[in-house]
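Asker: If you read the protein sequences in the order shown, they are chains A and B.
In this text, residue positions in the first sequence follow this note's numbering: the first is 1, and each later residue adds one.
In this text, residue positions in the second sequence follow this note's numbering: the first is 1001, and each later residue adds one.
Treat each hint with caution, since some may be false.
So the derived label-pair ranges between C-beta atoms look like this [stated by the list, open to error]:
1. A:88 with B:1037: 29 to 39 Å
2. A:252 with B:1066: 15 to 25 Å
3. A:146 with B:1185: 55 to 65 Å
4. A:149 with B:1002: 40 to 50 Å
Chain A regions said to be covered by chain B (calculated; three or more residues, Cβ under 8 Å) [claimed, not checked]:
5. 98-107
6. 291-298
Just so you know, these hints were derived from the structure itself, not from any lab.
Model, not experiment: these values are computed from the prediction.
No residue lacks a Cβ here, since even glycine has one placed at the ideal position from N, Cα and C.
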Amino acid sequence: MPRYRVGYLPLFLLLTALLLVLSLVDLIVGPYTISMGDILSYLLRGPDVSKATTVVIGMRLRRVLTAIAAGGLLGTSGYVVQANLRNPLASPFTLGIQHAAALGAGVGILVLGGGGVVGPRSATSATILIANPFTVSILAFGASMLHTALVLTLAYVTGLTIYSIILVALALSFTVQAVLALLQYLVFNEIQVATLMFWTFGSVERTSWLEVEVLLVAYVVMAVATWVVAPDLDLMLLGDDIASSSGVNPRVFRAVSMSTAALATALTISFVGVVGFVCLVSGHIARLVFGWSARRSGLASGLVGGLTMLAADVISRTVISPVTLPIGITTTIVGVPVLIALVLGGGRGYTRD
Amino acid sequence: MVILEISGVCFRYGSVEALNDVSFSIDAGEVVSVIGPNGSGKTTLLKVIDGIVKPVRGAVYVDGRSLGRYSRRSLAKIVGYVPQRLNIQPLTLYDFVLSGRRPHYVLTPTARDREKVVEALKSVDLLDKADRKLTELSGGELQRAVIARALASEPKVLLLDEPTANLDLRYQVEVLETIRKLTKSRGITAVMALHDLSQAMRYSDKVIVLHRGKVYALGAPEEVINEKVIEAVYGVRATVLRDLKAIVVL
């Protein structure tokens, strides 16, 4: 059926084109105006340190790439978890990764003296600084991986069914939240509380080039892996018995793919903070536009995630410029209207028959 | 030629015994009905044959090889499974049937895989609905779609768990006729769990009666389905109208 197979390529191209356009917008807008010429010369001739624009473009390019990679990783891993748990409300955050990451970050801020306030303290101009971002990231990552390992081990003992995973995750994340709350109540001072708060809001500007590279490589690996296992994801969606009778061991598949998704999410949120909504919404948008086959919507969910983060970043930096809003907040502003519009129009406009 | 041999199979769900020393063999090309009350072990038996659950004791041989010597994927190529229920998703019918070809390809479906999907859809008369979503199909179409999905992997043995449940009369007949037609035209062996004794009598070459996890009776439908067996297994008095191949509950 040739007619059936064409039709999605243009949509993918459109998505990629949108990603490029938004990247350009994100590079251009801001308090310091950059022209297309500046960007072209930066890209073609390489960074020229004698120009002021070089620094600005470098900084913004880092944000753009962080947004694309982080959004891609979150979108894809959200999609993988939703298929695995057969639950549209699931995401890696269902496992409670974000609470563990916050606890790790909190410990980093507390023990290793991570937090501080720089500049005059007023609502718009104070800059909260994470003094030791690398340590905080590593601790957040370590804590979330430890948490994931605990959840999956406990769930494994109880049969690694959907319910056992969700219940164990729920119990453990409440424990982690309680520990963090206790720390904040007893030990943290107000600056440390504020720093942690600021960390959890999420931001794409705190990544270094090394972290950007790590995120980009991780995204490419995750996208390829998802493409490869897409047919098995379709089987998992239909049920454990179906998967089993079509040659896929549902327990092994669930354990491996859930830990991979958790790893990708932990990596992302330890670098950019808790940007949960992208995880939840990208898969839905991708499925509504590209249909339910995991080959198409799995790949698309990453692109949609990147697009959402980029759009959110543009909004973050322009709405009340020069103040930058946390991206964890603006992703919701971008994602919710798109999702609602698609749900309302979804029955007709986005199916192809 | 024996295609399926079950020998001394036992299975437990926790402390509940689901199958107890079940043994029988099935010849290639036969249509076999497994009947028995709810909880008698019909579904479990099918799952054991498909390797979805492993028996506590005993062995299953498919095409002369013990299940333990098959990888999950190589077994999936030989045995097709039509479950009682599955999680319906808005996948297109085409993609759904294509998922049945999964054991045959590594990365992407080949032209041959797509050919088999079209063939399977044709054999259940659903080719014109290939672009529909599963959620848009009627009950009868959906049941035939699940059968097409199992057929797409070109199995030698087709296991069907209550293929006529939840269908109206017309679709029940339609689905059973499809199964019979396919076994005759492709030499597939079909093992189906059924609730309707008249259907079992009309559409099968062999009937296995399960009762509390054990084989209570086994043989040709006319011999096995009689008043005594029905009363013993179901606790219901019925009369068998042999010329009509129908069972009437008294």
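Asker: For every hint, state whether the structure bears it out.
Answerer: Status of the hints after comparison with the structure:
At about 37 Å, the beta-carbon gap between residue 88 of chain A and residue 1037 of chain B stays in the expected band of 29 to 39 Å. For the hinted restraint 15 to 25 Å between residue 252 of chain A and residue 1066 of chain B, the CB-CB distance of approximately 22 Å keeps it satisfied. Taking the beta carbon of each, residue 146 of chain A and residue 1185 of chain B are about 58 Å apart, inside 55 to 65 Å as hinted. Distance hint check: the CB atoms of residue 149 of chain A and residue 1002 of chain B are about 48 Å apart, consistent with the given range 40 to 50 Å.
Under the rule that three or more residues need a Cβ within less than 8 Å of chain B, the assignment of the stretch 98-107 of chain A is violated, with 0 such residues. Only residues whose beta carbon comes within less than 8 Å of a beta carbon in chain B count, and the stretch 291-298 of chain A has 3; three or more means the coverage holds.
Of the numbered hints listed earlier, the single one contradicted by the structure is hint 5.
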